[in-house]
Amino acid sequence: MTRPLGLATREAYGLALAELGRERPEIVVLDGDLSKSTMTKYFAKEFPDRFFNMGIAEANMVGVAAGLARCGKIPFVSSFAAFLMCKGFDQMRVSVAYSELNVKFVGSHGGISIGEDGVSQQSVEDVALARALPGFAVFVPADEHATRAVVRAAADHPGPCYVRVGRPKAPVVYPDGCEFRVGRAIRLRDGGDMTIVANGLMVAAALDAAEALAREGVEARVLDMASVKPLDEDALEAAARETGAIVVAEEHLLAGGLGSAVAMSVASRHPVPMGFVGLDDTYAESGKPEELLAKYGLTAERIAEEARRVLARARR
Numbered sequence: 005m006t007r008p009l010g011l012a013t014r015e016a017y018g019l020a021l022a023e024l025g026r027e028r029p030e031i032v033v034l035d036g037d038l039s040k041s042t043m044t045k046y047f048a049k050e051f052p053d054r055f056f057n058m059g060i061a062e063a064n065m066v067g068v069a070a071g072l073a074r075c076g077k078i079p080f081v082s083s084f085a086a087f088l089m090c091k092g093f094d095q096m097r098v099s100v101a102y103s104e105l106n107v108k109f110v111g112s113h114g115g116i117s118i119g120e121d122g123v124s125q126q127s128v129e130d131v132a133l134a135r136a137l138p139g140f141a142v143f144v145p146a147d148e149h150a151t152r153a154v155v156r157a158a159a160d161h162p163g164p165c166y167v168r169v170g171r172p173k174a175p176v177v178y179p180d181g182c183e184f185r186v187g188r189a190i191r192l193r194d195g196g197d198m199t200i201v202a203n204g205l206m207v208a209a210a211l212d213a214a215e216a217l218a219r220e221g222v223e224a225r226v227l228d229m230a231s232v233k234p235l236d237e238d239a240l241e242a243a244a245r246e247t248g249a250i251v252v253a254e255e256h257l258l259a260g261g262l263g264s265a266v267a268m269s270v271a272s273r274h275p276v277p278m279g280f281v282g283l284d285d286t287y288a289e290s291g292k293p294e295e296l297l298a299k300y301g302l303t304a305e306r307i308a309e310e311a312r313r314v315l316a317r318a319r320r
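Its first residue numbered 5, the sequence shown is counted upward by one per residue in our numbering.
Note that these hints are calculated values from the structure, not bench results.
Model, not experiment: these values are computed from the prediction.
One or more hints might be untrue.
Stated by the list, open to error - Simulated pairs of lysine-lysine, DSSO-like, Cα-Cα distance not exceeding 30 Å:
(1) Lys45 to Lys173
(2) Lys292 to Lys45
(3) Lys299 to Lys173
As the list claims (entries may be wrong) - Have a look at the derived ranges for each label pair, beta carbon to beta carbon:
(4) Asn64 to Ser290: 38 to 46 Å
(5) Glu295 to Ile60: 27 to 35 Å
(6) Ile60 to Asp285: 25 to 33 Å
Think of the CB as a built atom: it goes at the ideal place given N, C-alpha and C, for glycine as much as any other residue.
Please model the entire structure based on the sequences and the hints provided.
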């Protein structure tokens, strides 16, 4: 990736949470004994009476958050994405989704870019799990500025949300003060030959891929789909009609993630040739983030390659 690195999205989350805490006394934070990593430490330092270290017990933490939401609080619940979604899923389903409670879940260290911490802590199914919970909104911001906007939107959104943030520093895509609207894609680059849809770290890679394609005479539209659910189906239909081909890139299993959501929408509204970049039914290994992203094809080069393949199908 060629863009300058900014803060990790997990750190931007922690800073945004502290900012919100100064404005909204109803916000409380629960953490699974990982506040130094999830960055809820910033909130804990300023508001120790509204911060609860629940220990390594994610399921119990979700239940407590549901109770706090019933009392009118807005709980932000944080842990590593793998632990939060996998260990807390049943309580999210029974205690939060059924009742449509106003609880915000933030899974840090999402994807394989967590790196050397190993497979058990790499979350590659979290977006699919969150999408499957009725009533949940699901957001995957691309950089530090987008994360701040997403966290504010999550606090304002009525009902449960899941936000995925990452461990490594993220390439800067947006200016400070950028806006985020629930259910709306952001068009980062215009183009009429095809469309690349991405979120999270893959947004910067998508922009790099689009620039590489432009040098070959292919103008690609780039949509940041930070709002995985609700999905901006109007933007996708417009992309399908106006560009005729779509590639989706995500740091997640291909099953159940952003690509699945986009494919369902495009198939029902305006089918066009599509391609997908993500993890193909496998867990990753342990390694440095950039090595893992390269090994599993989560790169600008791989997106451009898939774009050429899909364009060839579209032009037959």
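Hint-by-hint comparison with the structure:
no. : hint                        : result
1   : Lys45 to Lys173             : 18 Å, holds
2   : Lys292 to Lys45             : 25 Å, holds
3   : Lys299 to Lys173            : 19 Å, holds
4   : Asn64 to Ser290: 38 to 46 Å : 29 Å, violated
5   : Glu295 to Ile60: 27 to 35 Å : 29 Å, holds
6   : Ile60 to Asp285: 25 to 33 Å : 29 Å, holds
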